[in-house]
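> Work out the full structure, taking the sequences as your base and the hints as a guide.
In terms of the numbering used here, the sequence shown has 290 at position 151, counting the first letter as 1, and numbering is strictly consecutive.
By construction, these hints were calculated from the structure, which means they are not laboratory data.
Do not rely on the hints blindly, as some may be mistaken.
As the list claims (entries may be wrong) - Once the Cα atoms are required to be at most 20 Å apart in a straight line, the calculated EDC-like pairs of lysine to aspartate or glutamate come out as:
hint, residue 1, residue 2
1, Lys297, Glu249
2, Lys185, Glu264
3, Lys362, Asp243
4, Lys263, Asp243
5, Lys297, Glu369
6, Lys516, Glu333
7, Lys263, Asp291
8, Lys475, Glu333
9, Lys223, Glu369
10, Lys222, Glu232
11, Lys222, Asp307
12, Lys222, Asp289
13, Lys297, Glu200
14, Lys216, Glu200
15, Lys183, Glu369
16, Lys183, Glu402
17, Lys246, Asp220
18, Lys362, Glu283
19, Lys297, Asp307
20, Lys395, Glu283
21, Lys246, Asp291
22, Lys223, Glu296
23, Lys222, Glu403
24, Lys395, Asp413
25, Lys223, Glu200
26, Lys216, Asp289
27, Lys216, Glu333
28, Lys297, Asp242
29, Lys493, Glu403
30, Lys246, Asp219
31, Lys362, Asp289
32, Lys216, Glu403
33, Lys216, Glu321
34, Lys223, Asp291
35, Lys223, Asp289
36, Lys185, Glu402
37, Lys216, Glu249
38, Lys328, Asp291
39, Lys328, Glu503
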Amino acid sequence: MHTGGSFHFQKRRIAGLVILLIILTALLLHYLLFFVVVWIGLRKEKLDRSQENSTSSTGFEVSVIIAFRNEAHNLPKILDDIKKLENPGTPVEVIFVNDHSTDDWHKFRERMEDSPQIRFLEQKEGVSGKKRAIELGVANARGEIIFLTDADCRLPEKWITSLLKAFDEETGFVAGGVKYAESSRFFEKFQAYEFGGLMLCDAGLAAAGMPVVCSAASMAFRKGLFYEAEGYTSSIQLASGDDEFLMRAIHRLGYKVKFILNEEAIVTTSPNRDLKSFANQRGRWASKGLHYENKALIAFLFLIFLFYLSLILSPVFIYYFGMPVLLWFLIAMFLKTAIEYLVLRKGNGLLYGKLNPFLFPVMEVFQVPYIVFSAFKGLIGGFKWKEREYRR
Numbered sequence: 140m141h142t143g144g145s146f147h148f149q150k151r152r153i154a155g156l157v158i159l160l161i162i163l164t165a166l167l168l169h170y171l172l173f174f175v176v177v178w179i180g181l182r183k184e185k186l187d188r189s190q191e192n193s194t195s196s197t198g199f200e201v202s203v204i205i206a207f208r209n210e211a212h213n214l215p216k217i218l219d220d221i222k223k224l225e226n227p228g229t230p231v232e233v234i235f236v237n238d239h240s241t242d243d244w245h246k247f248r249e250r251m252e253d254s255p256q257i258r259f260l261e262q263k264e265g266v267s268g269k270k271r272a273i274e275l276g277v278a279n280a281r282g283e284i285i286f287l288t289d290a291d292c293r294l295p296e297k298w299i300t301s302l303l304k305a306f307d308e309e310t311g312f313v314a315g316g317v318k319y320a321e322s323s324r325f326f327e328k329f330q331a332y333e334f335g336g337l338m339l340c341d342a343g344l345a346a347a348g349m350p351v352v353c354s355a356a357s358m359a360f361r362k363g364l365f366y367e368a369e370g371y372t373s374s375i376q377l378a379s380g381d382d383e384f385l386m387r388a389i390h391r392l393g394y395k396v397k398f399i400l401n402e403e404a405i406v407t408t409s410p411n412r413d414l415k416s417f418a419n420q421r422g423r424w425a426s427k428g429l430h431y432e433n434k435a436l437i438a439f440l441f442l443i444f445l446f447y448l449s450l451i452l453s454p455v456f457i458y459y460f461g462m463p464v465l466l467w468f469l470i471a472m473f474l475k476t477a478i479e480y481l482v483l484r485k486g487n488g489l490l491y492g493k494l495n496p497f498l499f500p501v502m503e504v505f506q507v508p509y510i511v512f513s514a515f516k517g518l519i520g521g522f523k524w525k526e527r528e529y530r531r
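The structure is reproduced here in structure tokens:
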């Protein structure tokens with residue numbers, strides 16, 4: 140009886156191992172396929188950019204909208220960059236929208252009162268949030284093409300002209316690359332690589348006809364399409380998502396979405412200085428996941444999350460099933476690191492400094508738990524942003 144029970148236990152154990160390995164391998168293949176699509180898209184993006192008209196589109200009046208809250212120290216810097224922007228040959232107005240700041244931003248406003256191309260708007264009492272601020276800016280904008288950026292960003296001279304020339308009759312939305320300012324600290328280098336990888340994935344997916352995310356630090360769209368796509372109606376309750384929800388809504392209308400990785404169009408922003416702010420930011424980004432309108436997209440991203448979760452749980456699986464799962468884990472980490480390295484090499488000198496082949500595997504170890512933690516924090520917990528608490 141004892142021998143028979145042991146036999147049946149081993150049989151069930153082997154069956155469980157086979158099922159587990161099938162699931163784990165399917166998750167790995169799905170993840171690798173994701174990066175193959177990104178790789179193909181990046182090659183297409185480069186080809187499309189090489190065939191692009193070298194002259195800027197003309198006839199488009201431009202409005203640059205900057206929503207801000209308690210960023211008095213950043214406003215003079217972003218305005219200085221705007222004054223240095225290459226002239227696109229059409230009128231450019233700048234609209235600053237104050238989202239209930241409590242600092243001394245009004246001093247900056249007083250210095251700008253004699254500038255006809257610069258306007259200041261303020262959110263009404265009882266109305267708050269970045270999306271509402273952008274809506275106010277769009278409603279008052281004179282431009283046909285709306286550009287968005289953030290007050291804590293630094294703009295390259297050809298930011299407007301580089302994105303503007305990507306617009307044609309079929310294009311409704313153009314996203315630009317964003318990078319973190321260079322730093323010698325490991326934590327900030329990690330963020331630069333990770334964020335740069337996100338930008339490359341965004342660009343590759345957009346070029347492949349599957350735009351997923353972008354950054355509100357550098358984007359432009361047709362004002363008319365903002366209202367045709369119903370603006371932020373579907374996501375107004377969310378603190379984040381002023382970028383990607385609008386991008387996908389415009390894409391669903393049948394317009395092209397382009398992602399420009401031209402060096403002349405890349406905006407620079409600052410990395411998070413500590414783990415707390417980093418966790419809050421990534422939690423805020425993850426909080427949008429369950430609100431995506433495309434259920435297939437939710438399923439696609441959920442499978443990627445399950446792959447990361449499976450890597451975290453691998454020690455448990457290895458403890459119960461031994462060498463076969465350990466072998467899968469080693470192969471999975473090798474393939475994951477290799478394909479991500481190949482994709483991220485395309486960002487060398489563009490989105491970050493030269494990719495360090497020795498430092499990169501170390502960063503891979505930190506990336507896995509951070510992805511899982513960020514997902515749980517955003518979808519289950521809460522986060523703090525712009526001195527406001529957001530809870531689920």
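> Confirm or reject each hint.
Verification of the hints:
{"no.": "1", "hint": "Lys297 <-> Glu249", "in the structure": "violated, 28 Å"}
{"no.": "2", "hint": "Lys185 <-> Glu264", "in the structure": "violated, 46 Å"}
{"no.": "3", "hint": "Lys362 <-> Asp243", "in the structure": "violated, 31 Å"}
{"no.": "4", "hint": "Lys263 <-> Asp243", "in the structure": "holds, 18 Å"}
{"no.": "5", "hint": "Lys297 <-> Glu369", "in the structure": "violated, 30 Å"}
{"no.": "6", "hint": "Lys516 <-> Glu333", "in the structure": "holds, 18 Å"}
{"no.": "7", "hint": "Lys263 <-> Asp291", "in the structure": "violated, 23 Å"}
{"no.": "8", "hint": "Lys475 <-> Glu333", "in the structure": "holds, 14 Å"}
{"no.": "9", "hint": "Lys223 <-> Glu369", "in the structure": "violated, 33 Å"}
{"no.": "10", "hint": "Lys222 <-> Glu232", "in the structure": "holds, 11 Å"}
{"no.": "11", "hint": "Lys222 <-> Asp307", "in the structure": "violated, 26 Å"}
{"no.": "12", "hint": "Lys222 <-> Asp289", "in the structure": "holds, 16 Å"}
{"no.": "13", "hint": "Lys297 <-> Glu200", "in the structure": "holds, 16 Å"}
{"no.": "14", "hint": "Lys216 <-> Glu200", "in the structure": "violated, 24 Å"}
{"no.": "15", "hint": "Lys183 <-> Glu369", "in the structure": "violated, 30 Å"}
{"no.": "16", "hint": "Lys183 <-> Glu402", "in the structure": "holds, 17 Å"}
{"no.": "17", "hint": "Lys246 <-> Asp220", "in the structure": "holds, 19 Å"}
{"no.": "18", "hint": "Lys362 <-> Glu283", "in the structure": "holds, 5 Å"}
{"no.": "19", "hint": "Lys297 <-> Asp307", "in the structure": "holds, 18 Å"}
{"no.": "20", "hint": "Lys395 <-> Glu283", "in the structure": "holds, 17 Å"}
{"no.": "21", "hint": "Lys246 <-> Asp291", "in the structure": "holds, 18 Å"}
{"no.": "22", "hint": "Lys223 <-> Glu296", "in the structure": "holds, 6 Å"}
{"no.": "23", "hint": "Lys222 <-> Glu403", "in the structure": "holds, 16 Å"}
{"no.": "24", "hint": "Lys395 <-> Asp413", "in the structure": "violated, 38 Å"}
{"no.": "25", "hint": "Lys223 <-> Glu200", "in the structure": "holds, 18 Å"}
{"no.": "26", "hint": "Lys216 <-> Asp289", "in the structure": "holds, 11 Å"}
{"no.": "27", "hint": "Lys216 <-> Glu333", "in the structure": "violated, 26 Å"}
{"no.": "28", "hint": "Lys297 <-> Asp242", "in the structure": "violated, 31 Å"}
{"no.": "29", "hint": "Lys493 <-> Glu403", "in the structure": "holds, 18 Å"}
{"no.": "30", "hint": "Lys246 <-> Asp219", "in the structure": "holds, 16 Å"}
{"no.": "31", "hint": "Lys362 <-> Asp289", "in the structure": "holds, 18 Å"}
{"no.": "32", "hint": "Lys216 <-> Glu403", "in the structure": "holds, 19 Å"}
{"no.": "33", "hint": "Lys216 <-> Glu321", "in the structure": "holds, 18 Å"}
{"no.": "34", "hint": "Lys223 <-> Asp291", "in the structure": "holds, 16 Å"}
{"no.": "35", "hint": "Lys223 <-> Asp289", "in the structure": "holds, 17 Å"}
{"no.": "36", "hint": "Lys185 <-> Glu402", "in the structure": "holds, 12 Å"}
{"no.": "37", "hint": "Lys216 <-> Glu249", "in the structure": "holds, 16 Å"}
{"no.": "38", "hint": "Lys328 <-> Asp291", "in the structure": "holds, 19 Å"}
{"no.": "39", "hint": "Lys328 <-> Glu503", "in the structure": "holds, 12 Å"}
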